[in-house]
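> Here are the chains, one letter per residue:
There are 2 protein chains.
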Amino acid sequence: MDKQEFFSDRAQGMQRSVIRELLKITAKPGIISFAGGLPAPASFPVDFVRKALDSVLDKEPHTALQYGPTEGDPRLREDLAGIMKEDGIDTTPDHILITTASQQGLDLVGKIFFNPGNTCITGSPTYLGALQAFKSYQGVPVGVELDDHGMIPEKLEETLARLEEEGRKPRFIYVIPDFQNPAGVTIPLERRKRILEIAGKGGYLVIEDTPYRQLRYKGKSQPTFQSLEPDMVLSLYTISKILLPGFRLGWACGPGWIIDKMVMAKQAVDLCTSPFNQALTHAMLSMGALDKSLEQTIELYGNRRKLMLECMEKEFTGIDDIHWTKPEGGLFLWLTLPEGLNTEKMFKEAVDAKVAYVPGSAFYPDNDNFRSMRLNFSYADEGQIVEGMKRLGNLIRKKISATG
Amino acid sequence: MDKQEFFSDRAQGMQRSVIRELLKITAKPGIISFAGGLPAPASFPVDFVRKALDSVLDKEPHTALQYGPTEGDPRLREDLAGIMKEDGIDTTPDHILITTASQQGLDLVGKIFFNPGNTCITGSPTYLGALQAFKSYQGVPVGVELDDHGMIPEKLEETLARLEEEGRKPRFIYVIPDFQNPAGVTIPLERRKRILEIAGKGGYLVIEDTPYRQLRYKGKSQPTFQSLEPDMVLSLYTISKILLPGFRLGWACGPGWIIDKMVMAKQAVDLCTSPFNQALTHAMLSMGALDKSLEQTIELYGNRRKLMLECMEKEFTGIDDIHWTKPEGGLFLWLTLPEGLNTEKMFKEAVDAKVAYVPGSAFYPDNDNFRSMRLNFSYADEGQIVEGMKRLGNLIRKKISATG
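In the order they appear, the protein sequences are chains A and B. At the far end of the first sequence sits residue 615, using this note's numbering, and the numbering has no gaps. At the far end of the second sequence sits residue 615, using this note's numbering, and the numbering has no gaps.
Just chain A, with the same shape it has in the complex (with noise of 0.2 Å):
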């Protein structure tokens, strides 16, 4: 018997994240990658973490290091909620659900929502771990296009019009509004409304996934969907980005009836998130940890991302139609190449060249945009993004001519 056939046929269809091999290759020294989604180390707030291990040590040893209840340890949740009030999102500690980081909250999305051949839409380009939830359960992720200004809302509706027609009518609406990953794209309060407005029409939910939304550097923040409209979206964060990756911690917020299913199938998927790191987080929030932490990361990722931005038009002056976005916030830009470019193609020349990004294509639900790449501007210093935008630079040049 063939092993394949012992795996079930959703296990059958798994691959290897592209992203997660192609991270390996682009780790070689001497290589300025701007292909991760890393934190900068230099973000992390270490003397926090160490205050609120010896407050949780001394004060709660036997509770941190128990076992806790699936929803989360109260407290947190609490705090948690207080942040989301401060965002203008009326909520409650109980419509809050902490998960094993947002990947966890996107992994009980897909269980939940998705019988194998059940659609949905999603931002084209969208955030790759998304796609590969969704895709675990066989789900099947259909792209709408994006401008500057994020998910396009008359090509939402054309092609929830189209999926309807043809029975197949998506499960949710996903949407990344703030900073996205890939494109750096954030979605303005009028088409946040427009795209409810759709939703509510056609009786669709929305998934809201904002792993980045503190991270803004400039312009104003918009409102969440939830916000806007709590009855009918599900949010998904994380502090991965805002604190620190390490802990593996996120939280869901939405209804009642979708935080109560998730309970459900999370206390089949994990039992609970570490109690411990919980415990820990809390103590650092109550500290002011977030506050001081964001503080620090904003300017830190400011600086950098103006440096790229500066250093890509110095860089790419006299390239003709080569776009990049300029995103608020977040940690990444992405660059759209002249016509004929293939950043696929061209990705191992660029490690012989000691510069790394990830090639656009993979952020598509159907792989099928080469002109693309993602560049990331959180990880690498100063000094790496003068260099390495030089050396992208040259690298397109030499193509276009090779090409022309």
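Do not take every clue at face value.
One copy or any two copies: either way a pair holds, since identical chains are not told apart in the list.
Computed list of lysine-lysine pairs in DSSO-like fashion (alpha-carbon distance at most 27 Å, straight line) [stated by the list, open to error]:
1. K565 - K517
2. K270 - K503
3. K412 - K214
4. K346 - K214
5. K270 - K235
6. K239 - K270
7. K431 - K235
8. K366 - K262
9. K346 - K296
10. K235 - K609
11. K559 - K404
12. K503 - K366
13. K262 - K431
14. K610 - K537
15. K610 - K366
Simulated from the structure, these hints should not be mistaken for laboratory data.
Mind docking chain B on chain A? Use the hints.
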């Protein structure tokens, strides 16, 4: 539209864990509870945690607080391979996947093996969390009767033959060989070989779940299924019962082609298990925390087990047709009451009498056995065990008079 219709078929079948809901009832003051499955907080190696934290935060804060590989921290995989080798398993770190405790191991098993409606073999009774994980992928657990030496090979053969005849060939055989949860029974070597022989003949994988293996208080350790047939056995472990549960850390060990697929599935599920908790665990293992902790835990639980058995002997004297297992290790024993009594029906009276257990029916794939209950001997202290067994004895006598 009915809100239930938003959910996938698998989610519509999900229910809250009976035990978790029941634990909320039994957490009232004054109730002596043998219902939970919690380790004793006194067994937690708090000093080692503190030392490990100092070491990790001094030496490697930037990697421990960052994202990590899906497979797990290479140092920890090496540690665990070493621990498994000492236990007679010839393995290497690349055959080990770090999981978010063994519940995630069960979830990944469900995810990669079950198409909706596929059967698997479990003990009858078996671990409730496994039933939940398997059912959450619409797997159909089919129970095979246990006796005081675990799963009965003849019954296994019969069940396999019947299922094959019905065209419902199981995806795997799930066993908990050591101090089974809930029954407390251990499979002797000869029977392990017999089960493997039956599995081999039919081409079945064996999933070996052994969270308490190191917690043996008497008798001789039996070889793992994996050491006997490495090519067809996947083993699931956790540090929850042997070190502490609050880190949510476990591991799977088995054939490369299964571990590979589990890695792919885990990427979409939670990217990686907390690198911070992995670094701490590695540091603790390097400091010898496991041996030291096991020594204390074995003494503590061994005494409580002995005391509980003595109390049962005393309190149940003169009751006919009552039977309980005498576990050589682990956390649980299994009490079967005289014909006519129903542990589910008498649960409310038990709580009124201020003693709690888990009704046995929760652990049967078909919830169709009502004479048994699971008793935990790791959590309640010595005084509570004496008093709790007295209360339980009185209740049983009262029920017998009422029915007789």
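> Each of the hints needs a verdict: does it hold here or not?
Right, here's what the structure says about each hint:
{"no.": "1", "hint": "K565 - K517", "in the structure": "within (22 Å within a copy, 65 Å between copies)"}
{"no.": "2", "hint": "K270 - K503", "in the structure": "both (24 Å within a copy, 23 Å between copies)"}
{"no.": "3", "hint": "K412 - K214", "in the structure": "between (47 Å within a copy, 16 Å between copies)"}
{"no.": "4", "hint": "K346 - K214", "in the structure": "both (21 Å within a copy, 23 Å between copies)"}
{"no.": "5", "hint": "K270 - K235", "in the structure": "between (41 Å within a copy, 24 Å between copies)"}
{"no.": "6", "hint": "K239 - K270", "in the structure": "between (44 Å within a copy, 23 Å between copies)"}
{"no.": "7", "hint": "K431 - K235", "in the structure": "neither (37 Å within a copy, 45 Å between copies)"}
{"no.": "8", "hint": "K366 - K262", "in the structure": "neither (50 Å within a copy, 57 Å between copies)"}
{"no.": "9", "hint": "K346 - K296", "in the structure": "neither (33 Å within a copy, 37 Å between copies)"}
{"no.": "10", "hint": "K235 - K609", "in the structure": "within (26 Å within a copy, 67 Å between copies)"}
{"no.": "11", "hint": "K559 - K404", "in the structure": "neither (43 Å within a copy, 51 Å between copies)"}
{"no.": "12", "hint": "K503 - K366", "in the structure": "neither (40 Å within a copy, 63 Å between copies)"}
{"no.": "13", "hint": "K262 - K431", "in the structure": "neither (33 Å within a copy, 45 Å between copies)"}
{"no.": "14", "hint": "K610 - K537", "in the structure": "within (24 Å within a copy, 74 Å between copies)"}
{"no.": "15", "hint": "K610 - K366", "in the structure": "neither (33 Å within a copy, 69 Å between copies)"}
Hint compliance for this structure: hints 7, 8, 9, 11, 12, 13 and 15 are broken, all remaining hints hold.
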